[in-house]
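Novice: Chain order of the listed sequences is A and B.
All the letters of the first sequence, read from the start, carry residue numbers 65 to 238 under the numbering used here.
All the letters of the second sequence, read from the start, carry residue numbers 132 to 465 under the numbering used here.
Read the hints as simulated data drawn from the structure, not as lab findings.
Yeah, the Cβ is synthetic: ideal placement off N, Cα and C, and Gly gets one too.
Check the hints yourself; a few may be wrong.
Stated by the list, open to error - With a straight-line cut-off of 20 Å between C-alpha atoms, the simulated DMTMM-like cross-links for lysine to aspartate or glutamate are: (1) A/Lys211 x A/Glu139; (2) A/Lys211 x A/Asp197; (3) B/Lys445 x A/Asp126; (4) A/Lys209 x A/Glu161; (5) A/Lys97 x B/Glu230; (6) A/Lys99 x B/Asp315; (7) B/Lys141 x B/Glu230; (8) A/Lys214 x A/Asp197; (9) A/Lys211 x A/Asp126.
As the list claims (entries may be wrong) - From the structure, some residues in chain A lie toward chain B, with a derived Cβ separation under 8 Å: (10) Ile84; (11) Leu88; (12) Ser91; (13) Phe92; (14) Ala94; (15) Val100; (16) Thr101; (17) Pro105; (18) Arg171; (19) Leu174; (20) Lys184.
Said to hold, decoys possible - Here are some of the chain B residues that sit facing chain A, going by a computed Cβ distance under 10 Å: (21) Trp136; (22) Ala165; (23) Thr238; (24) Val427; (25) Leu431.
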Amino acid sequence: MVIVKRKELSLLERLYLPEIARALSYSFRALFKPKVTRQYPEEPLPKTAVMRGQPRLVLLEDNEHLACVSCGLCEVACPAYAITIDGGATERFIEREPVRFEIDMLRCILCGFCEEACPKDAIFMSDEVELADFSRAALVYDIEKLKRPKAALQARIDYFYGANDRWRKRSSTS
Amino acid sequence: MSPIWVWILKAVLIYGGVLTLAAGMTLAERKVAAWIQWRIGPNRVGPWGTLQPLADGLKFIFKEELVPEGANPVLFRLAPMLAAAPAMLAMAVIPFAGEITLFGVSTTLSIADIPISALYVVAIGGMGVYGVILGGWSSNSKYSLLGGLRASAQMVSYELSLILAMLSVVVLAGSLDLRAIVADQSGSIFQWNIGRQPLAFLLFVVATFAETNRHPFDFAECEPELVGGFHTEYSSMKFALFFLGEYCAMIVMASMTATLFLGGPEVPYWPEAPWFAQLAAFLAKTGFFLFLFLWVRWTLPRFRFDQLMHLGWKVMLPLALANVFVTGMVVSLS
């Protein structure tokens, strides 16, 4: 058993009023303190490369083709079954490219497993975090909504290489 | 006697002003809360959020009205009206300013000048407890009932100290007329009752907090224990009416404090002040006490119920009685 020894209050403290006046003066000064509110849509959150936003597909340097070869590893790695890939043939050197690449953003848990699984550095967690729409169907993102020029994801790519340099080499195709 | 249209005009203007002030108080409450917590507060609706009360009001009107199963249908609907009406009725006798002459018509800036106006405010204000307890009882919910019971116990206990504190002022002025009490304090700033009756002032202010169910005595709607207190089951405009009543009661109490202890519409060292200066002085004094309500709310923690009863019956009531006794002795001996 623990007996808590409470501090004996002095007469002034037991009278309440001086203490109330002290508290009031404190909260009155707080009225004029600089505000900590961030006005969110106008004043966006600070973003860092460490943060995992929504996954996005990287475009090659030509800004036209995806780096993705539709190997399906991210689809397998995804713990939320959010990714759906249909592969197809292509005349390009890599021979395969995704015909359909969909991420159901409502299922995605932003874990970043797809990014780690990808052998072609084709998918990265972007710094985009805003996710709102009027229908569920609109939140299943297809290639058109997912593809991003490499420059937009460069900060994350650099961070990712830095973090994983020990066991990972840059992909030959990107 | 002024013609009838003057009375109607005064009633419309004063009630319009009071209701607007009550709406403004809802915004002020959120703004002051935000500032004290280093936040900004509502600032999206209108410039600096000034149209927020309007948006809230519109939303309240369009919300669905729910009547819980097993609730007493008549009393459940009657309670919000009973909560809002007395507070607004009490506004009728508050002297906002003295003589006013506009377009050749001379009148006083209060809806009614009755010789027992202080008594009237207390009597009407005491009826506010009906709305609270009926609202709590009729909604067929244990939390509402407990909130209503607590609120009524608290309002009844603190009403005694409130009235006794008021009584010592009445004894000094020798009249129950608020105008006479104001006239009694005219002259210099040292003539104000806050200087002549500091204890009564303190007791009155503390009691107004309990009377209006405001922090630190807001047991009626003690969220962590009672969900929402007596208005847990209320929705839509009925819910808003309870709040309108609360804010109107705050305005009445703040203006009563200003009238009884700060000379009401008296402008210090300017006995011949025109009516608008008097009105401004009155609003400034009332505004300070309204701000005090918000200020205290975001400063002090809530009391425990037994502490509240202890304070009300064992501390404030004896002090108030002793104060009335001493005041009466001094007045009768001098």
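Novice: Each hint needs a verdict: does it hold in this structure or not?
Specialist: Comparing the hints with the structure gives:
A C-alpha spacing of about 17 Å is found between lysine 211 of chain A and glutamate 139 of chain A, which places the hinted pair at or below 20 Å, so the restraint holds. In summary, the hint linking lysine 211 of chain A to aspartate 197 of chain A is supported, as the alpha carbons are separated by about 19 Å, within the 20 Å threshold. As the CA atoms of lysine 445 of chain B and aspartate 126 of chain A are separated by approximately 84 Å, the hinted pair breaks the 20 Å bound. A hinted pair counts as satisfied when its Cα atoms are at most 20 Å apart, and lysine 209 of chain A with glutamate 161 of chain A qualifies at roughly 17 Å.
Between lysine 97 of chain A and glutamate 230 of chain B the CA atoms are separated by roughly 43 Å; this puts the pair beyond 20 Å, and the hint is violated. The straight-line distance between the Cα atoms of lysine 99 of chain A and aspartate 315 of chain B is roughly 45 Å, outside the 20 Å bound, and the hint therefore fails. Distance check on the hinted pair: lysine 141 of chain B and glutamate 230 of chain B sit about 13 Å apart at the alpha-carbon level, within 20 Å; holds. Between lysine 214 of chain A and aspartate 197 of chain A the alpha-carbon distance is near 26 Å, which puts this suggested pair outside the 20 Å criterion.
At roughly 13 Å between alpha-carbon atoms, lysine 211 of chain A and aspartate 126 of chain A fall within 20 Å of each other, so this suggested pair holds. Annotation: interface hint on isoleucine 84 of chain A holds; nearest CB of chain B at approximately 7 Å, less than 8 Å. For leucine 88 of chain A, the shortest C-beta to C-beta distance to chain B is roughly 5 Å, which falls under 8 Å, so the interface hint holds. With its C-beta approaching chain B no nearer than about 4 Å, serine 91 of chain A sits inside the 8 Å limit, and its interface hint holds.
Taking 8 Å as the C-beta cut-off, the interface hint given for phenylalanine 92 of chain A holds, the closest approach to chain B being about 7 Å. For the restraint placing alanine 94 of chain A at the interface with chain B, the shortest Cβ-Cβ distance is roughly 5 Å, inside the 8 Å limit, so the hint holds. With its C-beta approaching chain B no nearer than about 5 Å, valine 100 of chain A sits inside the 8 Å limit, and its interface hint holds. Here the hint on threonine 101 of chain A is kept, as its CB sits about 4 Å from the closest CB of chain B, short of 8 Å.
At a threshold of 8 Å, the smallest CB-CB gap from proline 105 of chain A to chain B is about 10 Å, leaving the interface hint violated. Contact between arginine 171 of chain A and chain B, as hinted, is not supported at the beta carbon level, the nearest pair being about 32 Å apart and thus beyond 8 Å. For the restraint placing leucine 174 of chain A at the interface with chain B, the shortest Cβ-Cβ distance is roughly 28 Å, beyond the 8 Å limit, so the hint is violated. With a cut of 8 Å, the hint placing lysine 184 of chain A at the interface with chain B is violated, because the nearest CB-to-CB distance is about 45 Å.
Hint status for tryptophan 136 of chain B: violated, given a least beta-carbon distance of 44 Å to chain A, over 10 Å. For the restraint placing alanine 165 of chain B at the interface with chain A, the shortest Cβ-Cβ distance is roughly 8 Å, inside the 10 Å limit, so the hint holds. Among the interface hints, the one on threonine 238 of chain B is violated; its C-beta lies about 39 Å from the nearest C-beta in chain A, farther than the 10 Å criterion. The interface hint given for valine 427 of chain B is met, as the beta carbon of that residue sits about 7 Å from the closest beta carbon of chain A, less than 10 Å.
Because the closest C-beta pair between leucine 431 of chain B and chain A is about 6 Å apart, less than 10 Å, the hint holds.
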